[in-house]
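**Q** Those sequence lines, one after another, are chains W and X. Here our numbering is used: the first residue of the first sequence is 1, the next is one more, and so on. Here our numbering is used: the first residue of the second sequence is 1001, the next is one more, and so on.
Hints were generated in silico from the structure; no laboratory data involved. Predicted model only: the values in this text are computed from it and were never measured. Each statement offered as a hint is correct.
The calculated EDC-like cross-link candidates involving lysine to aspartate or glutamate, where the alpha carbons are at most 20 Å apart (straight line), are:
1. W/Lys56 - X/Glu1197
2. W/Lys40 - X/Asp1444
3. W/Lys25 - W/Glu14
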Amino acid sequence: MGKIPKSEHNDRRELIHLLHDIQEKHGYIPPEAIFVIARKLRITESEIYGVLTFYKGFSLTPRGKHLVTICMGTACHVRGAPRILDEFSRRLNIEPGKTTEDKQFTLETVNCVGACALGPIAITDGKYQGQLKTTDVAKLVDGIRDGDAEGS
Amino acid sequence: MKISLNGKQIDAGAGRTVLEAARAAGVYIPSLCDIPRLEPFGGCRLCLIEISGRRGYVPACCTSVEDGMTVLSETPALQKIRREILELILTEHPNACLICTEKESCDEHKSTIRKVGETTGCVLCPNNGRCELQDVVEAVGLDRVRFPAVYRNIDIKKTDPFFDRDYNLCILCGRCVRTCQEERGAGTISFIRRGSEAVVGTVLDVPLLEAGCQMCGACVDACPTGALTERALKYEQPAERTDSIICPVCGMGCRMDVSLLGGRIIGSRPAPDGPANGGQACVRGRFLLREIPGSDLRITMPMIRRKKDLEEVEWAEALDFVAGRLKSFKKDEIGLVYSTQLTTEDIFALKKFGRDVLKTKRVLPSSASGAPDMMMDLAGTNGSISSLICDLNAVAEADTLVVCGSDLPRAHPIAWVNVLKALKKDAGLVVAGTADSSMDRHADVTLRVKPGGESALYGLLAGKMITNGREKSGALGPGSEKVFAFYESQKEKALLDSSGIEKMSSVETAAALLLKKGKTVILWDTGTVPDDREKEAAVHLWNLALLTGARLLPLSSTGNSRGAAEIRRSFAAEPTASAFTQDVAEGRIKALYLAGPFPVLKTKKTEFTVLQASFWSEASAKADAVFPAAVFAETEGTFVNTEGRLQYSPRVLEPPDGVKEDWRIVSLLSQIMKRGDFTFKNASGILKEASEVVPAFAGASFTGLKKSNGRFLKSAGESPLNLILPFEKPTKIPTNKSYPLLLECRDSAEGYRELLFAVAHPGFALLRDPEAVWLNPKDAKSLKLGDGDPIKVSFFGGSFGAVARLSDGVPVGAARTIYAGGLLPELSFVPPASVFPVKITRGQ
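Please construct the entire structure, taking both the sequences and the accompanying hints into account.
**A** Quick look at the structure:
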């Protein structure tokens, strides 16, 4: 694990900023970071663990290179989000919340992304993909894979 | 301040919440998350009330009273809301029994049904009958739960010692989380995850012990349901009665409510009205007291060694045998050791026995009274100690606190609870010590000294008081000019080096805090063997206190160390532990009378050894006679805690047949030997005599103490305090190339008399391993040692076996151990000092 980023205040106010920085840098929060932050901010390890398990945005296990988030909010749900999720799950061969063995994809669900008019919606690497149909899923996944292949 | 509650005018008292005011007026408002000592939380929403002029419903626990407020707590609307909230709470808590009409008769007929692993209803719950949820359901009146029941099916956590955690019964009131954080400053547990997955847990869900829990049990006492339950009580019937006693283990003098059943202590809880502890305790008082009277190691019959083995005999025979042999020794040939966990009366009787019957000046307390004793020594010539020391209440009220040489949360948890009270009110905290501590997180400045560097630091701080502007007042005694000159001529840089502190700036920060206006309290503890170096530290702290107008709280290690220190002053001077040990080793002490733990020394056999003990120990193998002695709850008497509070503890248990109180045993011997005046009929008579001989006890009596909730010792005269001139040359720890590491021996009361808690309960051994010697991983690496490896620790004059433990908290070049009274066979030695050079090698 690298260094813990610098922070303005050395107290509990900094906790979420620090967790964000670490999550962004490593793609997850390495468990040993909890103990380093605890010392730095002078709060208990259990408090940090409480905060980071509260938010879906923080993960304690390494995530894949690409993050696929499916909105499961009410509007998306009635427009078929479960079917979209199933299709991603089948294509990537992982359960929601898990990461593919080659560490390329992580599939997650959230409860609403606030873009109900575009439902059902998936977010791939930060890009909103609205009004999805199950037939679009294969294209999306392949597109991401091809993008990698071109890049390398 | 007056408010109207359900149409009745009640006197509310400013600063209270509505819930507190209602409780004080005897009006019941249901609540599951409120605890009087904690900050308002507003979690369970059961205490909702209506206030005229305010919209909606507000929680009574979070609403402060206002003059003329009109409050309704029992309207039909409120009752409906409460029932609905309770229904929601109960969907995730086994509830079938709660609303079952057969409940009462069920309890009667199925009294042992609780012996199941999983709790799915009240009759199966270890907390049945003690459950606050049951009380609230009863009060609110619920006859059905309309929502489907959810069993969360969380694994019951049974890997930690002393108590189980079954979060299937948890209602997430947060009392445990808040108690751990707010009241104990530990924060071992938090709410983790969210929504329907929320649960109370530790970091990364590790066991409590791994998360640094000290097992104080405060969370168990706070839990309103059966989620946290003491394992030992799980299958016990409800207690027959509860009595308050004083915990004899450490020097805090906690009042504990012991529950008694069939002549046994089945459990102990801190008494909410305990003057010293106020509803708090530590692992020793909370979970270990019950292990003491009924221990398997209890000695219940007198014994003598005729040929090879010890044989059980009648009291008369044993007394005659011992009296005959003791008579054959001349003056000062017998060494007497007494436990400082005995009552004041027992200690007084033993001291008198030593002087008048054994006719010896070689009398040694089993554990040094350390800090209080040293301060009393200084006070002897330089002023009255009562104008310098303070009580725990003053700690809670302080503006600045300095903790010197003690890891309070482990060694003196009740002192720590009071420090936390002050910190809540924004007090400053300076922590000075040799190792990391959970206090560091709360400290404004941490001064990490190397072992033996303490007195240099205290001297440096005292000097800073003068150089940084403290007025040089002549009111600090006739010799004060010399003391000022001493501190002004100190070489600060050299002192900083010998203290081992890295930066002068942290000392400056600490000095600035000490110079701030307001009440300052210095808490101080010594190591196992208070030596010249610690005497020097005591002088600097004394001066520091006088220069800042601070109060001192010297911490005593065992239950009656402070009482022993007072009694000692009315008798001939006691030898030091090392002088006593040498006398044994070199045969000047020919016989030992051990009424307290003393290590079995690897020297030639003493001619005659008498054990007046409650438990079998290593020493039994060398004893020629054994007298079974009563334990704390079996004898009435008094204890003096670290504050100097004299408290009465009653006899609540019958001792086993054949066991006698310590004072009675020595009285009987005195009568047979026809030496000394031991005509006491009871313990109260001994206190009466002590009160005439020992000035601090003047006027004390059992009757008075029972009525008055204890009292503070008086010291004669209120003479003004003087500054004391420190030693010209600072005491240095001898260094030796063959012994490259410095070992620090710390004693915290880890047992009662001869019984080590680590032996009495395997759970305690997991918490505090008495065999462990902690090393910095760097040193361990160069010694090629791993965690858990057996090691041999050699020092000039002896060696002992131990187990290596690695910790970043220990500085490089240092090692630490709990001395534990030398009770473990591997630790059978008397340390030459609190800090001394050692060599560590692999193997026993």
